[in-house]
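Please take these sequences and the hints and turn them into a complete structure.
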Amino acid sequence: MIPISSGVRVWIASGHCDMRKGMQGLALLVQEGLGRDPFKGDVFVFRGRSGRLIKALWHDGMGLSLFAKRLERGRFIWPATEDGAIALTAGQMSYLLEGIDWRNPQQTWRPTGAG
1380 MIPISSGVRV WIASGHCDMR KGMQGLALLV QEGLGRDPFK GDVFVFRGRS
1430 GRLIKALWHD GMGLSLFAKR LERGRFIWPA TEDGAIALTA GQMSYLLEGI
1480 DWRNPQQTWR PTGAG
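Here this note's numbering is used: the first residue of the sequence shown is 1380, the next is one more, and so on.
Just so you know, these hints were derived from the structure itself, not from any lab. By construction, the Cβ of each residue, glycine as well, lies at the ideal position given by its N, Cα and C atoms.
Distance condition first, Cα-Cα at most 25 Å in a straight line; then the derived BS3-like pairs of lysine-lysine:
{"hint": "1", "residue 1": "Lys1400", "residue 2": "Lys1448"}
{"hint": "2", "residue 1": "Lys1419", "residue 2": "Lys1448"}
{"hint": "3", "residue 1": "Lys1400", "residue 2": "Lys1419"}
Label pairs and their computed distance ranges (CB to CB):
{"hint": "4", "residue 1": "Asn1483", "residue 2": "Met1441", "range": "33 to 39 Å"}
{"hint": "5", "residue 1": "Gln1410", "residue 2": "Gly1470", "range": "25 to 31 Å"}
{"hint": "6", "residue 1": "Val1387", "residue 2": "Pro1458", "range": "18 to 24 Å"}
{"hint": "7", "residue 1": "Gly1470", "residue 2": "Gly1420", "range": "15 to 21 Å"}
Set out below in C-alpha cells:
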C-alpha cells in the first residue's frame, strides 16, 4: 500500500499507457501529456492496455517512487475519456488498488464456491 496521507491529490491518467515506461518516462508524460508537475507530491496513476497492470508515480518530498500492481483476476476500472487526468480521493484510490470499481464500490470479480 502506498503510505499517502488523505490530503495528497491522486490523479489517474485516462486512456492507456506504455507499461514499459519507468520513472523518467512517466514523469515526462505527466509534464507534457497532463501539464502537471510530477514533483509536487501528487500521485499519478497509469494503466496498461490490458487493464491488469497499473503504475503509480509519487514524489514524497525526498525522492520519486514508482509503484506497480498487477491483478490476477479482473481489471482495473478506468474512465472512458482518452486524454487528461481525473482526480480521486484517497478512499477511491484504495478501491482502485483492490480492483473494486471506485465509482460504484463493488468487486469486479466474485470468487466461485469450492463445491
